[in-house]
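Number of protein chains: 2
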Amino acid sequence: MIKLNEHYTEIGNNYLFAEVARRVKEYKTAQPEKQVISLGIGDVTQPIVPAVIEAIHKATDEMANAATLRGYAPYEGYDFLIQAILKHDFVDRGIDIAADEIFVSDGAKSDTGNIGDILGKENLVAVTDPAYPVYVDTNKMAGRNITLLPCTPANDFVPAFPEKPVDVIYLCYPNNPTGTVLTKLQLKKWVDYALEHQSLILFDAAYEAYISQPDVPHSIYEIPGAKKVAIEFRSFSKTAGFTGMRAGYTIVPKELTATTSKGETLSLNTMWLRRQSTKFNGTAYIVQRGAEAVYSSEGQKQIREVIQYYMENARIIKNGLEELGLTTYGGVNAPYIWTQTPNGQTSWEFFDLLLNQAQVVGTPGSGFGQSGEGFFRFTAFGNRENTIEAVRRIKNLF
Amino acid sequence: MIKLNEHYTEIGNNYLFAEVARRVKEYKTAQPEKQVISLGIGDVTQPIVPAVIEAIHKATDEMANAATLRGYAPYEGYDFLIQAILKHDFVDRGIDIAADEIFVSDGAKSDTGNIGDILGKENLVAVTDPAYPVYVDTNKMAGRNITLLPCTPANDFVPAFPEKPVDVIYLCYPNNPTGTVLTKLQLKKWVDYALEHQSLILFDAAYEAYISQPDVPHSIYEIPGAKKVAIEFRSFSKTAGFTGMRAGYTIVPKELTATTSKGETLSLNTMWLRRQSTKFNGTAYIVQRGAEAVYSSEGQKQIREVIQYYMENARIIKNGLEELGLTTYGGVNAPYIWTQTPNGQTSWEFFDLLLNQAQVVGTPGSGFGQSGEGFFRFTAFGNRENTIEAVRRIKNLF
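Chains W and D, in that order, are what the protein sequence lines are.
Numbering (our numbering) for the first sequence: 741 to 1138.
Numbering (our numbering) for the second sequence: 741 to 1138.
Any given hint could be a false lead.
Identical copies carry no separate label here, and so any pair may be met within one copy or between two of them.
[As the list claims (entries may be wrong)] Within a straight-line C-alpha distance of at most 20 Å, the following computed DMTMM-like cross-link-like pairs (lysine to aspartate or glutamate) qualify:
id, residue 1, residue 2
1, Lys904, Glu995
2, Lys861, Glu1052
3, Lys1135, Glu936
4, Lys774, Glu1038
5, Lys904, Glu759
6, Lys1041, Glu794
7, Lys765, Glu794
8, Lys880, Glu862
9, Lys924, Glu1038
10, Lys765, Asp840
11, Lys743, Glu1004
12, Lys880, Glu802
13, Lys768, Asp840
14, Lys994, Asp896
15, Lys994, Glu746
FYI, nobody ran anything at the bench for these hints, they're computed from the structure.
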């Protein structure tokens, strides 16, 4: 008899963005003449930059020739990409990371979802609330107990330490969905907490490229001691428009260990390589060459322009909402604007109002966790024209 | 305190092919002037066919334009690819599969590795021995008990039913590593077994494109009742040289269910979609367009030529070994030749002999499981010149 992993019954059938898509589709079917603008799922709208496109074409041509064909990639990624990551994201920032601590993958979603594979079921897990749904869902699937750490205006979106010590803590900064950040000092307190309690911080830095203020850490490894307690996830999705290309990477420092019930101490770096080499077969060569080109001088210049374009959208949305008297957060070091819903509406009520009356799609805050109720997330990833039009329509509602 | 998934300590640190690579590297360092020929890991050597290359270039150009940019892909794959798969691999063969039973992924290795996510730890798992190491390793990582089903010349490589009923059975046909197949009647017996015991067959058909004989099923769904008991894995790696491109797909029929301890019956199709939408974010658009082109009439013609090229290599290796008096299996419906080692040597002894005396790399049978001891695997994925030279060198050893 086939037995199910019963923990799968403890989560809903609908992933948040699937429910948003369902309601939008229903509306579009009923009102086919209406032009719906999405500032919802956080998918990019600007094309992939020329330096990356050129690198992918070149790599594709290599695959057409037996002499330059690339077959199975190294499980941990090609050295050309690892060296580019190492130099630009770490060495140039004065951060000491080794090449064999970097694992290239098909995206931060896969890695944040799969990292639990190497961790015991009995770990107590803390997740900031609201949060990217993958953290909670994947831990529920594994049968782990979860403690939520509320992040609201009351604590300035800085999570307080849990009452009872936890083993694993998910932190995402710049934050999805709130767009808020931690200063170096605020992040240092969490690193110190993890050092004291021998906990593991899973640090999701997918939005690092959007940081504009000086005191905001780009990597958790800027904090002394972090290599003993933290795994960091990075993504090319929002940095270089790779949502449809699929590439990211994860840092698992060699100093990081976990213990067995017999008191043995084992390396998480070794365990993650074992996981990746057994359940994953590398990221496409042509995509890795595209990711490498992100770090070229042309690539860097081109992606900075796209990021500035999106951040101007963020400014337009944030100013527009504030002119209406709505309180907003984020949008300065992150491509997300988190706003309180007007008149005490629930997140889904505001979602339906915006969809039905203004044909604007955002993401209901409650979909990210209970502390997101009464909030709403807008993304800056639209194009300029749609962003301006969406703000105009929202203003007309009030 | 960070607690490890302790099941990871129950498997070796070295994945089989990593150990092969280590010994080859050591030899090459010691003997830099020697030309080593690899008929080992099973990576392809022939370039990706023009139809696929052209499709990838075209798709890459779409990503350079805001109007045609593709962001996040559907979790289950693009409809254009699913429809091509459906028509060519199933409808045209008279097999009734629905579009929403097909899940495109970054390869069969990921899917055969991750499928266990939706299954309970308490399932008793049967794995043919020898087998692709992923089946055993991933189940050990999940803490499941494994029963081995020996496949040797004594049973003509047809696994016998386990003594005690099992819940999950891995079958790979055409088989890696033995290159042997099951006839329709032999596979039907396993489907009937699964129907009787309400077991799940995980059917790995990665080498389906290499079948040359008429009575060998290309899909388990050719067998009546199989949709109630089987998940099938397919790969573009060996069909179209995608080892470095990463694409495959998995069929999870909607009739397939698993039960909870409370006796509830749940759909594995729904659970797998939940798994994929939570821990995976789709396969790169440009790679999916490449996979679609495999099914074009040009693409089909071009990949058939490559497959015939490799199968001619298989014939050369098989004949060469048999001329030496070695007993061989496979190589007719599969790109693998499985041979008994000479003079009672262990698999690794024969590996070292071939590497040191003939500079030919193969894969030791014992690396695929205990029943593989005394056997050795050669792959037909080399180029013609190297394949002929490897056989010549082996002949000189005797």
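Structure-based check of all given hints:
| no. | hint | verdict |
| --- | --- | --- |
| 1 | Lys904 x Glu995 | neither (25 Å within a copy, 45 Å between copies) |
| 2 | Lys861 x Glu1052 | neither (43 Å within a copy, 50 Å between copies) |
| 3 | Lys1135 x Glu936 | neither (49 Å within a copy, 64 Å between copies) |
| 4 | Lys774 x Glu1038 | neither (40 Å within a copy, 42 Å between copies) |
| 5 | Lys904 x Glu759 | neither (34 Å within a copy, 44 Å between copies) |
| 6 | Lys1041 x Glu794 | within (15 Å within a copy, 29 Å between copies) |
| 7 | Lys765 x Glu794 | neither (36 Å within a copy, 33 Å between copies) |
| 8 | Lys880 x Glu862 | both (12 Å within a copy, 18 Å between copies) |
| 9 | Lys924 x Glu1038 | neither (30 Å within a copy, 57 Å between copies) |
| 10 | Lys765 x Asp840 | between (45 Å within a copy, 18 Å between copies) |
| 11 | Lys743 x Glu1004 | between (32 Å within a copy, 10 Å between copies) |
| 12 | Lys880 x Glu802 | neither (43 Å within a copy, 38 Å between copies) |
| 13 | Lys768 x Asp840 | neither (49 Å within a copy, 22 Å between copies) |
| 14 | Lys994 x Asp896 | neither (34 Å within a copy, 47 Å between copies) |
| 15 | Lys994 x Glu746 | between (34 Å within a copy, 18 Å between copies) |
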